[in-house]
Amino acid sequence: MPAGAETAFSMRGSLFRKNLLTALLLAPAALWLVVFLVLPFVAIAIFSVGERAPEGGYQAALTFAQYANLPARATAFWNTMVLAPVGAFACLIVAYPVAYYLALRAPQRWRLILLALIVIPFWTSLLMRTYAWMYILGGRGIPALLAYVGIEDLRLINTPGAVLLGIVYGYLPLMILPIYVSLERLDRRLLEASADLGATPLSTFIGVTLRLSLPGVMTGFSLVMILLLGEYLIPTLLGGGKVFFIGNALVDLFLQSRNWPFGSAIAITLVLVSVVVLIVANRISTRLSGARRVDLI
Amino acid sequence: MRAFVVAVFAFLYLPIALVVLFSFNAGHHASEFTGFSVQWYGKALSNPFLVEALKNSLFIATTSALLAAVCGTAAALGLQRVGARTRALFDALLGAAIVVPGVVIGISTLVALVQLFAVVNPFLASLWPTDQPPRLALGYGSIIAAHGLFSMALVTMIVGTRLSSLDRNLVEASSDLYATPLTTFRSIVLPQIMPAVVAGFLLAFTFSFDDFIVAFFVAGAQTTLPIYVFASIRRGVTPEINAIATIVLAASVLLVLLAQSQLGRRKPSP
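Chains as they are written, first to last, in numbering that gives the first Met the number 0: chain A, 0 to 296; chain B, 0 to 269.
Hints are not guaranteed to be accurate.
To give a feel for the contact side, a few chain A residues facing chain B, derived at Cβ under 8 Å [claimed, not checked]:
| hint | residue |
| --- | --- |
| 1 | 42 |
| 2 | 59 |
| 3 | 122 |
| 4 | 135 |
These aren't lab readings, by the way, just hints derived from the structure by calculation.
Ideal Cβ positions, reconstructed from N, Cα and C, are used throughout, including at glycine.
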């Protein structure tokens, strides 16, 4: 807002009042962020270089023993590091055609309705949606139906495949939305130009559509991947204790075996991996959109 | 491609549809639908633990969403008035609040609060005149605060987006016409950002009502609906859970649709 023609004196007073108001507006949020985001993070950082007290809990120390001990949970790390990218990639394969159809092919009057149908599952309880698959894949669901037609003893639930299915089901909407947004913004004249210049539909798709939607793809991929790194419900319910994720290790260390320093070290590692994923995705996105600018000139 | 898209939509909605269908099943098993019945709803709603968990969840979701809506909107308004540096710092923290996995938010809040209580409780006890000093513990408060963190970040972003597309001319016209800043805010800014605030509140409510993992760590002795459902699923799938799932899904869908219609509302044209 313009200060208007005020004298220097009253301007100083109103400036003070303006700053006070700004501070008051920001104070609750700032307090919240500091007390429930920054301080907790500092707390687990301190815990992660500490030692486990004999009765469980924390004993002050400055050691990297907890980090050196990370291989003790190698299986959880391995499962997560394999199933998170594989799951995100599977999501991508299913999501891309849907986003493409919604952005470029769907009839206008259907577009918003279809989009809403994608968003709704994302905001409904992941627990309930995962439970639905547990119900379907469990002994009295599909296996019972298959038994009618003679296929006996088929184990669907508590397998890595079931976990992968749950992952695709749970995170598909989150992958579709950013790809849809990048495709929707795409300048359609580029597609016509490409076709006019004699490109086949396939080379137009690869050279123009896919290329220009890559930032959306990267956003979706990194979002899904980061959320999967901390996933607990899907491996627990559909993997049945056989497919352990980092999330399962954390629940075990904090709520059952009460080894908080070791759990903190794992949590810090998890956050660091997430940050690396974000930075790499960001780099790739920037490079891609940089390339886009050059292409357009 | 259309067939593929149809198949994906079926994939998204069939499992939910099955749960809803079998919540009305007279029989016990998913393999056979033996007749229509609402008995599982009756069973679910006469379970005192379940009703208690539902009440807790409603209270926690309402409180955290209200706090988030107020603080988040205030923050979005405040961020319009600060320099680029402060803004970038806030944006980074708000982004972190949204992106950091729930499991990490849950454990770090647990660790920090347990340490904090270990310091504060003896201090309170030493100050308190009677023998029964108040003791801080995990419970409603910690769940509300932890849920509110994500929700507040969400509201700040949604309202911030709306504020940045707000018609500046109207604000300037209003102050040129000698309206006080408060009047300008009440009659120009607030009506334009209200749909975003309401949508933020509804999404925050849905998030809190649905969240399992954060509450799992910081709930202490309290039970929320997702925690109760998770525990009973682990004991074994029963048709009762189908009934609860149907109620929760219906409530979430309703809230999301409401939020979307609020966000989709055109701002009044000048």
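I'd like to know which numbered hints this structure contradicts. Please list them from smallest to largest. Violated: hint 2 alone.
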